[in-house]
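Could you slot chains B, C, D, E, F, G, H, I and J with the ligands onto chain A? The hints should help.
Number of protein chains: 10
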Amino acid sequence: MGSNRGDLNLKLLGNKETEYLFEYNPDVLEVFDNKHPDTDYFVKFNCPEFTSLCPITSQPDFATIYISYVPDQKLVESKSLKLYLFSFRNHGDFHENCIVTIMKDLIKAMDPKYIEVWGKFLPRGGISIDPYVNYGKKGTKWEKIAEERLAKHDLYPETVDNR
Amino acid sequence: MGSNRGDLNLKLLGNKETEYLFEYNPDVLEVFDNKHPDTDYFVKFNCPEFTSLCPITSQPDFATIYISYVPDQKLVESKSLKLYLFSFRNHGDFHENCIVTIMKDLIKAMDPKYIEVWGKFLPRGGISIDPYVNYGKKGTKWEKIAEERLAKHDLYPETVDNR
Amino acid sequence: MGSNRGDLNLKLLGNKETEYLFEYNPDVLEVFDNKHPDTDYFVKFNCPEFTSLCPITSQPDFATIYISYVPDQKLVESKSLKLYLFSFRNHGDFHENCIVTIMKDLIKAMDPKYIEVWGKFLPRGGISIDPYVNYGKKGTKWEKIAEERLAKHDLYPETVDNR
Amino acid sequence: MGSNRGDLNLKLLGNKETEYLFEYNPDVLEVFDNKHPDTDYFVKFNCPEFTSLCPITSQPDFATIYISYVPDQKLVESKSLKLYLFSFRNHGDFHENCIVTIMKDLIKAMDPKYIEVWGKFLPRGGISIDPYVNYGKKGTKWEKIAEERLAKHDLYPETVDNR
Amino acid sequence: MGSNRGDLNLKLLGNKETEYLFEYNPDVLEVFDNKHPDTDYFVKFNCPEFTSLCPITSQPDFATIYISYVPDQKLVESKSLKLYLFSFRNHGDFHENCIVTIMKDLIKAMDPKYIEVWGKFLPRGGISIDPYVNYGKKGTKWEKIAEERLAKHDLYPETVDNR
Amino acid sequence: MGSNRGDLNLKLLGNKETEYLFEYNPDVLEVFDNKHPDTDYFVKFNCPEFTSLCPITSQPDFATIYISYVPDQKLVESKSLKLYLFSFRNHGDFHENCIVTIMKDLIKAMDPKYIEVWGKFLPRGGISIDPYVNYGKKGTKWEKIAEERLAKHDLYPETVDNR
Amino acid sequence: MGSNRGDLNLKLLGNKETEYLFEYNPDVLEVFDNKHPDTDYFVKFNCPEFTSLCPITSQPDFATIYISYVPDQKLVESKSLKLYLFSFRNHGDFHENCIVTIMKDLIKAMDPKYIEVWGKFLPRGGISIDPYVNYGKKGTKWEKIAEERLAKHDLYPETVDNR
Amino acid sequence: MGSNRGDLNLKLLGNKETEYLFEYNPDVLEVFDNKHPDTDYFVKFNCPEFTSLCPITSQPDFATIYISYVPDQKLVESKSLKLYLFSFRNHGDFHENCIVTIMKDLIKAMDPKYIEVWGKFLPRGGISIDPYVNYGKKGTKWEKIAEERLAKHDLYPETVDNR
Amino acid sequence: MGSNRGDLNLKLLGNKETEYLFEYNPDVLEVFDNKHPDTDYFVKFNCPEFTSLCPITSQPDFATIYISYVPDQKLVESKSLKLYLFSFRNHGDFHENCIVTIMKDLIKAMDPKYIEVWGKFLPRGGISIDPYVNYGKKGTKWEKIAEERLAKHDLYPETVDNR
Amino acid sequence: MGSNRGDLNLKLLGNKETEYLFEYNPDVLEVFDNKHPDTDYFVKFNCPEFTSLCPITSQPDFATIYISYVPDQKLVESKSLKLYLFSFRNHGDFHENCIVTIMKDLIKAMDPKYIEVWGKFLPRGGISIDPYVNYGKKGTKWEKIAEERLAKHDLYPETVDNR
Ligand SMILES: [Ca+2]
Ligand SMILES: [Ca+2]
Ligand SMILES: [Ca+2]
Ligand SMILES: [Ca+2]
Ligand SMILES: [Ca+2]
Ligand SMILES: [Ca+2]
Ligand SMILES: [Ca+2]
Ligand SMILES: [Ca+2]
Ligand SMILES: [Ca+2]
Ligand SMILES: [Ca+2]
Ligand SMILES: [Ca+2]
Ligand SMILES: [Ca+2]
Ligand SMILES: [Ca+2]
Ligand SMILES: [Ca+2]
Ligand SMILES: [Ca+2]
Ligand SMILES: [Ca+2]
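Residue numbers (UniProt numbering), protein chains in the order written: chain A, 1 to 163; chain B, 1 to 163; chain C, 1 to 163; chain D, 1 to 163; chain E, 1 to 163; chain F, 1 to 163; chain G, 1 to 163; chain H, 1 to 163; chain I, 1 to 163; chain J, 1 to 163.
Read the hints as simulated data drawn from the structure, not as lab findings. Note that the Cβ used here is the ideal one computed from N, Cα and C, for glycine as well. Heads up, some of the hints might be wrong.
As the list claims (entries may be wrong) - These stretches of chain J come out as covered by chain I in the derived footprint (C-beta under 8 Å, 3 or more residues): (1) 31 to 43; (2) 47 to 58; (3) 62 to 68; (4) 72 to 84; (5) 142 to 150.
Claimed, not checked - Facing chain A, according to a computed beta carbon distance under 8 Å, are these residues of chain E, among others: (6) Tyr-20; (7) Asp-27; (8) Glu-96; (9) Asn-97; (10) Leu-122; (11) Arg-124; (12) Ile-127; (13) Ser-128; (14) Asp-130; (15) Ala-151; (16) Leu-155; (17) Pro-157; (18) Asp-161; (19) Asn-162.
What the hints assert, rightly or not - Using 30 Å as the maximum straight-line C-alpha spacing, the simulated DSBU-like pairs for lysine-lysine come out as follows: (20) B:Lys-144 <-> A:Lys-138; (21) D:Lys-79 <-> D:Lys-138; (22) D:Lys-141 <-> E:Lys-152; (23) I:Lys-138 <-> J:Lys-35; (24) J:Lys-152 <-> H:Lys-79; (25) B:Lys-138 <-> C:Lys-104; (26) A:Lys-141 <-> B:Lys-79; (27) D:Lys-104 <-> D:Lys-152.
So that you can see chain A by itself, here it is in the shape it has in the complex (with noise of 0.2 Å):
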């Protein structure tokens, strides 16, 4: 049991040069072999520390991102998804448009069985926008529980205060 490095084929792991970009680029996601495709499981990426910038005024915005999925044949790889998530830095987009962006270039990535995004943004003027998309890989059980998902979805928002 256990892996060690020789088992991987990762560009950027221990890549003591690794250029940080921080224009929108979705190339820099890799993945690596799921160990144990005969069996359905969640993981789950928290992500504090995102930022963009708004497509209107150019100011950075903030949020954290949660990112959960059952992988298929591969998974992300941790440093990869960092690298990823630093392209949005001087990026602009709507926060709605950001989080599908996000689902989107993941699912291409990796082929998971089942995604979720959900952005818990900054509040901007008083108010805070917090989006949230699912997937489900069509022709498997998991289109149906994406809908299912979907339509219990934050039945219990979190209680804001901007403080």
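For chains B, C, D, E, F, G, H, I and J with the ligands alone, coordinates are given in the frame of chain A:
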């Protein structure tokens, strides 16, 4: 990818001379096109700065309003939503009616697949009132989902102790 | 839009000489017309200032009462609800009975589609008691919803440590 | 409305010379009549003062016990429940067994429609144990509800960090 | 009622010379007989002291592990579970694999009706990873329940801000 | 070491027929001898079940009262303190006066070296009031300490948001 | 002991026709006699319902105001304080000036021994502002205490993350 | 650097046959040598598992005890402290006396430069009691420090609401 | 009373074409006149949206910055402070240096009586760093107060567990 | 302004082949020059990932370590601090000694004006231990400040309930 101002057709964004109207006015609501109409997703607004007047005593009331919806062809622009909520500032109505009114105005403005509005008001006379209303578009699966979400509403009331 | 006093027919609102009666009295409950009878919505009252007397020892008991209902033709007026709850101040009954009594009196007063009442009492002898009861109008879908909500009640009990 | 002592037939209430027995004794449990047998409702006891002995090392164990039930003809009297829980003070058994024992004794004492018992024990060796058991009366709808509540048990484990 | 040491046949309990092995070793897991095999109930372990090594960098990783299961004929003894978790201390593997490995080892050791394991790891590079896996015994109702619990997993992600 | 009932001379303890008086009555306060008069120490009472009547409107007011003192020759017995606080139940006075009255009655009853009383009332009209008063015995070092504690009082007001 | 309406000479209390003025007006402040002028004590008001307008943009600002004072001969009546704070509703000024203005108006109205005012405003542009000012009456010990309290102000800033 | 068992001379550590005595017994306290007598430092014990009996009613009482001290030549061994606190399990005394007794026994056992003991008991009759006592060795600077710490004790009482 | 735009002489306020510069630039700081130079008061800014780059790895760092000062003749305008903090976005420096730089720039811009800056950074490598620096104007009492505040800094470090 | 790698002379930063040593080794600590030696300021490290072995039982212990210091000519580099804390992973010593050792090693490495170290360990046997030690450089004002900070240490112990 990404959006810029040229993509949009918004009257108020960046409009320096914005007049803040403090009388109820649903006409300030503005919408813009949904770039992902193929994808069902939720957008939630957290609005902790709502204030209106009590219709009986004319005293100010205070609330946090949570608005959550699934867009169809249109999204509501957040700055116009702020102006709309400001327009209740010197307007008198019962808590219960304010919440239903907000939902109906947003349905009229953007015709969403689904929407819900939850108000959590500060106490008057030692009691606080939290109205909740929702809606699913007739003839879509969201009609049924709205019923189910209402049936499951708030099984876990938050702890409130007036401090 | 908006409501004003002329629309209402309430005996107590603004009545300066209000007598506070501290003996159980369901007659103080007053109702007013639902302006949105076409729309199903929830109204919740958070009432952290409930106190009654223990029927065995005559000691004061303290509770927070959560009342949540779906109106039919009538809503209960919140100041009259306050007076009603005050009327338990020098009244003695078991926690469990107080909660069922409150629900039955509110059903009688406004004949709602659905109602639930949850009391969270302060501890006596190191143990606290939290009764919960609900009701759905016979012959409506809310009869079934009441059963389902009871079956799913409080799957996540709040942490209580008596401090 | 209201209850007074004359309505009840309880041995322990107000019994000044109460002996506190610190050896396991289910006989101290007392019940009284349900005044609302027509109405299904939940009663929950929060009991943060439970302590027993470890059957291996004889060291004291500490727990909060949550007991929730739907009465049929009888309710358990809360002071007798306190005495019953005291009777574990010098009694040795595994966490898992204590919880099942408490449930079975309460079923025997009041024959409820439904009951569940959840224990949350303080850590031993850096690990804490939280057993949960439930029961629905055979031949009633509560048999099925018990199965469903077990199947949905604790999807959101509370955060525990031993501080 | 009650248990004492004579009832059990455990190698490690009270064994003063216990060697703590800090290399992965599932053989330290010990089980004992379920005294209530007629009753389905949950046992949850909260384990906030888990640490392993990163397979890429050999740096220590830290997590809280939540293990919840429904026993069949056997329960896992908690001190042996502690030793088992200690055995990851100098072992290197990915977060996702550790969690699946822990579940599979516990299935092998006690053949439960149902089990789930949720790891919540501290952040690396600003992102934290929380894997979750579950299992229901084939041919029992728990196979279906496992699928349903996975489908409903974590609809309310906990707030994480890395402080 | 240890105390038993024979050491004490208390009228109320264990007195089953205790009458609960709900009109202001400082005579119910009872004291007992300090067994450690050589040692200065603090005793704090946390009293979250205080309720009185508003002198203007006769509506119930609710507060948590914190009482902290350094005994001289006498300690106040906690059950008699409970009865004393009950006696405000149907008594009308301003928040500020209630707190000063409680302190003065306790000084008269036990002549402590030092005492302070802090009331935290639930809001009326959107504002809550928290009076604080203290006292040090004239001619002792506690006179000066009382002044210093008042001068440093509440540099960090607790967050209050009326929910 | 106790107070009743006859003891007081307040214009607004119980005055049903109260006009709520939403333009800055310090004249609404009313005071009443301190019944304990021999005793130094603190009175704190928690006011979470403050709103004014930004002098630059005319947008509404929201704050919680904490007012704490030591009375001399007069106390400020809480309902009149509420009216006074309402009078900022349509008034425009900087956060910093509002807080100093409130303090100066209260000094003028009741000439206290000591007073402090702390405003905690909701964020604008991602930054929130919390002004604090205090005052001790010249020629009393409270002049020095005010300096010391200012020198020790807020050594532990509350955590603010704009959610 | 580092310590091992050979450095110590402790009777109880690793002593498998440890008898747990549940009657008050200060003799179980054991001490070991301070390896850093040149350095003043604090050691704090957090003890949330304290239970004793009420001397009036023989009912169990529960508390968290906080013990903080500055060692001179000796430190108290934590397992022996646990046994000592266990010895109050079936012992009856007032809350106030338990705390002073614990401090005096620890002074006798290890003659520290400074010590303080704070008990926070669960409520009885709606009121909870938190005694605090401290001590500084005569003829050292800690005598004065003890006085100062007592004078500044608990300026910010924790919020207690009995839930 | 009250302020309006005509009273001010600010370059940036309401300036629609504001350019957001993401390279370090202290020149964007703007000040305005203190209307209450006779009164010492604190102004605190809570800034949870600070981000800079690590000077070693060029990775983004995130922090909340707390700035608290006592104005002399000038106050810093909050929108210009926002722009100033934005200017660290693509700037690389150590946490410790950023905080000292921010303080020195603000001293240069407004010459306050007193100022302090506290940064709380998100963890890197499992450790987070929180620098704190302060300053009192030479020749004023604030020079001494700054020393005293530094000597008393952070006696109660906040709990940090990286989640 | 700003720093870059050329300014520094650090052996470990960016050193890909870093060996993680899990035996106590103070030699891994590295320091760099203080760029602001004219300014007294605090640097705090929050280290929630500390683990060592119990010297008696060889079981793992877990703690959060808080280190706070005022630099003189040198600052400790945070990655080297991480390696130093890792070196306790397989090292056995008492909680109290670990904390004093960490402080003494940091004094030797960077000769600070002031330093304090506070460890908060997870419970063993139901009790947790939190040692605290500090130091001020002889012959500077920080010698006195260290004494004062020790005398005022932890007047408000955090609530600990082992959950
Ligand atoms: Ca709040
Ligand atoms: Ca908040
Ligand atoms: Ca917050
Ligand atoms: Ca609150
Ligand atoms: Ca707790
Ligand atoms: Ca509480
Ligand atoms: Ca924690
Ligand atoms: Ca957090
Ligand atoms: Ca934290
Ligand atoms: Ca609250
Ligand atoms: Ca947060
Ligand atoms: Ca509370
Ligand atoms: Ca609690
Ligand atoms: Ca945390
Ligand atoms: Ca805790
Ligand atoms: Ca905890």
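Tested hints:
{"no.": "1", "hint": "31 to 43", "verdict": "holds (count 7)"}
{"no.": "2", "hint": "47 to 58", "verdict": "holds (count 3)"}
{"no.": "3", "hint": "62 to 68", "verdict": "holds (count 3)"}
{"no.": "4", "hint": "72 to 84", "verdict": "holds (count 5)"}
{"no.": "5", "hint": "142 to 150", "verdict": "holds (count 3)"}
{"no.": "6", "hint": "Tyr-20", "verdict": "violated (19 Å)"}
{"no.": "7", "hint": "Asp-27", "verdict": "violated (13 Å)"}
{"no.": "8", "hint": "Glu-96", "verdict": "holds (6 Å)"}
{"no.": "9", "hint": "Asn-97", "verdict": "holds (6 Å)"}
{"no.": "10", "hint": "Leu-122", "verdict": "violated (10 Å)"}
{"no.": "11", "hint": "Arg-124", "verdict": "holds (7 Å)"}
{"no.": "12", "hint": "Ile-127", "verdict": "holds (5 Å)"}
{"no.": "13", "hint": "Ser-128", "verdict": "holds (5 Å)"}
{"no.": "14", "hint": "Asp-130", "verdict": "holds (4 Å)"}
{"no.": "15", "hint": "Ala-151", "verdict": "holds (4 Å)"}
{"no.": "16", "hint": "Leu-155", "verdict": "holds (6 Å)"}
{"no.": "17", "hint": "Pro-157", "verdict": "holds (5 Å)"}
{"no.": "18", "hint": "Asp-161", "verdict": "holds (5 Å)"}
{"no.": "19", "hint": "Asn-162", "verdict": "holds (5 Å)"}
{"no.": "20", "hint": "B:Lys-144 <-> A:Lys-138", "verdict": "holds (23 Å)"}
{"no.": "21", "hint": "D:Lys-79 <-> D:Lys-138", "verdict": "holds (29 Å)"}
{"no.": "22", "hint": "D:Lys-141 <-> E:Lys-152", "verdict": "holds (24 Å)"}
{"no.": "23", "hint": "I:Lys-138 <-> J:Lys-35", "verdict": "holds (22 Å)"}
{"no.": "24", "hint": "J:Lys-152 <-> H:Lys-79", "verdict": "holds (28 Å)"}
{"no.": "25", "hint": "B:Lys-138 <-> C:Lys-104", "verdict": "violated (35 Å)"}
{"no.": "26", "hint": "A:Lys-141 <-> B:Lys-79", "verdict": "violated (40 Å)"}
{"no.": "27", "hint": "D:Lys-104 <-> D:Lys-152", "verdict": "holds (21 Å)"}
The earlier numbered hints that this structure contradicts are 6, 7, 10, 25 and 26.
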